[in-house]
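Engineer: In case you want the letters, here they are:
6 protein chains.
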Amino acid sequence: MNGLAIYPGSFDPLTSGHVDIIHRAVEIFPRLIVAVATNVRKHPTFSEEERLDMIRESLKGLERVEIDSFTGLLVDFAKERGAKVLVRGLRALSDFENEFQMAHMNRRLAPGIETIFMMTSQEHFYISSQTVKEVAHFDGDVSGVVPDAVRKKLTAYNKGS
Amino acid sequence: MNGLAIYPGSFDPLTSGHVDIIHRAVEIFPRLIVAVATNVRKHPTFSEEERLDMIRESLKGLERVEIDSFTGLLVDFAKERGAKVLVRGLRALSDFENEFQMAHMNRRLAPGIETIFMMTSQEHFYISSQTVKEVAHFDGDVSGVVPDAVRKKLTAYNKGS
Amino acid sequence: MNGLAIYPGSFDPLTSGHVDIIHRAVEIFPRLIVAVATNVRKHPTFSEEERLDMIRESLKGLERVEIDSFTGLLVDFAKERGAKVLVRGLRALSDFENEFQMAHMNRRLAPGIETIFMMTSQEHFYISSQTVKEVAHFDGDVSGVVPDAVRKKLTAYNKGS
Amino acid sequence: MNGLAIYPGSFDPLTSGHVDIIHRAVEIFPRLIVAVATNVRKHPTFSEEERLDMIRESLKGLERVEIDSFTGLLVDFAKERGAKVLVRGLRALSDFENEFQMAHMNRRLAPGIETIFMMTSQEHFYISSQTVKEVAHFDGDVSGVVPDAVRKKLTAYNKGS
Amino acid sequence: MNGLAIYPGSFDPLTSGHVDIIHRAVEIFPRLIVAVATNVRKHPTFSEEERLDMIRESLKGLERVEIDSFTGLLVDFAKERGAKVLVRGLRALSDFENEFQMAHMNRRLAPGIETIFMMTSQEHFYISSQTVKEVAHFDGDVSGVVPDAVRKKLTAYNKGS
Amino acid sequence: MNGLAIYPGSFDPLTSGHVDIIHRAVEIFPRLIVAVATNVRKHPTFSEEERLDMIRESLKGLERVEIDSFTGLLVDFAKERGAKVLVRGLRALSDFENEFQMAHMNRRLAPGIETIFMMTSQEHFYISSQTVKEVAHFDGDVSGVVPDAVRKKLTAYNKGS
Chain A
1 MNGLAIYPGS
11 FDPLTSGHVD
21 IIHRAVEIFP
31 RLIVAVATNV
41 RKHPTFSEEE
51 RLDMIRESLK
61 GLERVEIDSF
71 TGLLVDFAKE
81 RGAKVLVRGL
91 RALSDFENEF
101 QMAHMNRRLA
111 PGIETIFMMT
121 SQEHFYISSQ
131 TVKEVAHFDG
141 DVSGVVPDAV
151 RKKLTAYNKG
161 S
Chain B
162 MNGLAIYPGS
172 FDPLTSGHVD
182 IIHRAVEIFP
192 RLIVAVATNV
202 RKHPTFSEEE
212 RLDMIRESLK
222 GLERVEIDSF
232 TGLLVDFAKE
242 RGAKVLVRGL
252 RALSDFENEF
262 QMAHMNRRLA
272 PGIETIFMMT
282 SQEHFYISSQ
292 TVKEVAHFDG
302 DVSGVVPDAV
312 RKKLTAYNKG
322 S
Chain C
323 MNGLAIYPGS
333 FDPLTSGHVD
343 IIHRAVEIFP
353 RLIVAVATNV
363 RKHPTFSEEE
373 RLDMIRESLK
383 GLERVEIDSF
393 TGLLVDFAKE
403 RGAKVLVRGL
413 RALSDFENEF
423 QMAHMNRRLA
433 PGIETIFMMT
443 SQEHFYISSQ
453 TVKEVAHFDG
463 DVSGVVPDAV
473 RKKLTAYNKG
483 S
Chain D
484 MNGLAIYPGS
494 FDPLTSGHVD
504 IIHRAVEIFP
514 RLIVAVATNV
524 RKHPTFSEEE
534 RLDMIRESLK
544 GLERVEIDSF
554 TGLLVDFAKE
564 RGAKVLVRGL
574 RALSDFENEF
584 QMAHMNRRLA
594 PGIETIFMMT
604 SQEHFYISSQ
614 TVKEVAHFDG
624 DVSGVVPDAV
634 RKKLTAYNKG
644 S
Chain E
645 MNGLAIYPGS
655 FDPLTSGHVD
665 IIHRAVEIFP
675 RLIVAVATNV
685 RKHPTFSEEE
695 RLDMIRESLK
705 GLERVEIDSF
715 TGLLVDFAKE
725 RGAKVLVRGL
735 RALSDFENEF
745 QMAHMNRRLA
755 PGIETIFMMT
765 SQEHFYISSQ
775 TVKEVAHFDG
785 DVSGVVPDAV
795 RKKLTAYNKG
805 S
Chain F
806 MNGLAIYPGS
816 FDPLTSGHVD
826 IIHRAVEIFP
836 RLIVAVATNV
846 RKHPTFSEEE
856 RLDMIRESLK
866 GLERVEIDSF
876 TGLLVDFAKE
886 RGAKVLVRGL
896 RALSDFENEF
906 QMAHMNRRLA
916 PGIETIFMMT
926 SQEHFYISSQ
936 TVKEVAHFDG
946 DVSGVVPDAV
956 RKKLTAYNKG
966 S
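Protein chains in written order, with my numbering: chain A, 1 to 161; chain B, 162 to 322; chain C, 323 to 483; chain D, 484 to 644; chain E, 645 to 805; chain F, 806 to 966.
It is worth saying that the hints were derived from the structure and are not from the lab.
Treat the numbers as computed from the prediction; the structure is a model and nothing was measured.
The C-beta atom is built at its ideal place from N, Cα and C for all residues, glycine as well.
There could be a bad hint or two in this list.
[Claimed, not checked] If you want a taste of the chain A side facing chain C, the calculated C-beta under 8 angstroms gives, among others: (1) Gln122; (2) Glu123; (3) Phe125; (4) Tyr126.
Isolated chain A, as found in the complex (with noise of 0.2 angstroms):
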């Protein structure tokens, strides 16, 4: 019960349903990573950089949460940080298989860390980040399902593309 939980993800881009998640973590632990997955095999749309920057200016002023990026296995970035708790949110059926398979398998491989998993609020539940990419990218209104941020970003990646 060292208190701090680790909430991991690619965020390209972070969603409103992600800032709805983070606003639930903090409430329970009293200190929380955001942690940025930069597995290079992937090929994200948006930088590691560019990621992290969207996360910092969505989560301005919020307290108690610390933001950083991890390369490798989720469990050794838990270690290596001290954390004890991972925190998965969960939005739909297709996620809790997934969730459960790797839950699983991070519990084999780290049997003292706990992932827990929160539900996202019901007015976010349908928004994916690979969603929100599809509508910006054929000029659709995305705000109010990514943080203020995200959406200009989004913009200029469009117009840039």
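Dock chains B, C, D, E and F against chain A, hints included.
Structural biologist: Chains B, C, D, E and F in isolation, oriented as in the chain A frame:
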């Protein structure tokens, strides 16, 4: 972050899956109330007192855990006890849906109280109180799937019935 | 394309989720029958007349909607009324499966009658008649999750019980 | 590999979906026992003898199939009969979860006995004993969804009730 | 209630399941647009023109159906064409989740446009464009699972590849 | 009932979950072919020969099991080898749907060949070839979740990459 969490359930009877969640939850929260729901409309196999006894005996020596019971809405009990977190175990998909709906209804009834979910360990994910009672009814071996105190009670119950 | 659709259900009682589907359906179909199923084998909380009354009061002023009840097979009622479309709301996954099976059975019984599904709005997807009754039973606040006429009836029912 | 398999169920009553699985299973296993579960706690629509009669008549002439009934745990019956394989039909998702839990519990109770699953043919996947009884109760046409012997029995039952 | 509905999809290629939904939808809506989505980011097997040709030939003689294509957001196309209803076929559970999320996103983007779902007939529920292409690639027989015009095109495609 | 069953898969690489199913299947069927699917369109991590080698080494000494590979439709391979049964392991819900669709398509393509499903043991239900590769890529410990021969190969692969 008062650190008080509630793990509610019918516990009719307590299974090894419940015990597993309790042990995981006390690693995360400083204080945990295991709370037996006593809804007069339902017809439990074991009385409130029997269920409390089995839990007390099965959790003997486990620190920072309190055992209690409640009637009425869970969120009212949580407010009364000053708890901010409800803990629920997820075993399977059908759990997920019911839990999802309950969590959202509870959030509506009491916005400041958060539900978190933990994964039952894979050894226990197929165990339910209902299955345990059916197996015990036909003299099937339930050692391992329920705590010892529950196993004895189930045997006595079947002899008496 | 006679434009007559039926929205069948137990409506024991009507919820805000049902009302949401009704409002969406009248935007699509010229005429809609809200049809209370009165299966004598089931034991509803509210009588056929009470359920019809709550629906009538809750839908007051809504045009092109008729309120009726039926006993027996839904497809026989549809044939009798000359309707070609059955409307069902989908809230969640478990709905989906039951609805899928019912739709196929109805298609077999009456090949000319089609079932269509509409998504309950995200504010209401976690509301069921059963949950509403449980919350109301313990004096939980159900305003917003049921129409006002139903809320009053539930309060009266609990006082009388 | 003694080649003896058991296909257990309530068969209250036998449907065309069950018959489909039986025909598929006898193509795979040299000998098959269709086993009616007679759990005294449940309240079947048809008596053990009626259910056995309907099965006998519906499977008349099918070779290598034996019809039997059992009380108690399925795995105990399997051991008694010397069967190593339990056959279950999967229709839908909700079947899947229950079956998954039962299969794991049975594996725990009797590690040497294996459960295998077969897919009900697509013509029958929406048929359940429960649905069939509801349709028949309201004089709906159940020819094709149950064997002829069952259809007659259902008609007689409804007239008598 | 202008009676215009859109049935959008990739149709890469059209399957008998799609044709089934189209025939059901024209029984419900006075006018139906079958709309091929041409997202430049995806890499379809067949070009926009080839997909439109296969649809035209397969639906020849079907009245009140128009065939069109669109780029960009579906809801923008619907507004442009003055349609109020989007029709989607549901085959399976995984469809359900994606469709659920898309329907909610579309509702947010265009509140006046409603999505309705229809059940693919049980003969076709296991057919997807992807599966059809895989079977055809290995010279498996796809007659019955795609219209004849599509079958011919698939054969030509495999010979050419 | 020629007693020959096929257990097909990509096995890229073989996991302990696969090995579990193989051991269960040989208890039921007199002869089992473990068949590596070599679809030229996919880009496996390990070559056909590497996958066959890992399987051969991991199953060394297991009787009545043959190891083979095939290109093209599984049902064509089954006919060629004279097998009447296809064995598939079910781990999770998403497996279930894909498997359901494949089994129905295969039944259409080859009505005399039956698919049966077996439950992966609960220790292995969260293991997939994909997860194993990701964990191994970051030097996570995969002993226990893959056979020893696969673990060594994964280590060598990562060093070489």
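Engineer: Now look at each hint and say whether the structure bears it out.
Structural biologist: Verification of the supplied hints:
Proximity of Gln122/A to chain C holds as hinted, the smallest CB-CB distance being about 5 angstroms (cut-off 8 angstroms). For Glu123/A, the interface hint holds, since its Cβ comes within 8 angstroms of a Cβ in chain C; the closest pair sits about 7 angstroms apart. The restraint placing Phe125/A at the interface with chain C holds, with a minimum CB-CB distance near 7 angstroms, inside the 8 angstroms limit. A distance limit of 8 angstroms between C-beta atoms decides the matter here; for Tyr126/A the minimum to chain C is near 7 angstroms, and the interface restraint holds.
The earlier numbered hints are all upheld by this structure, with none contradicted.
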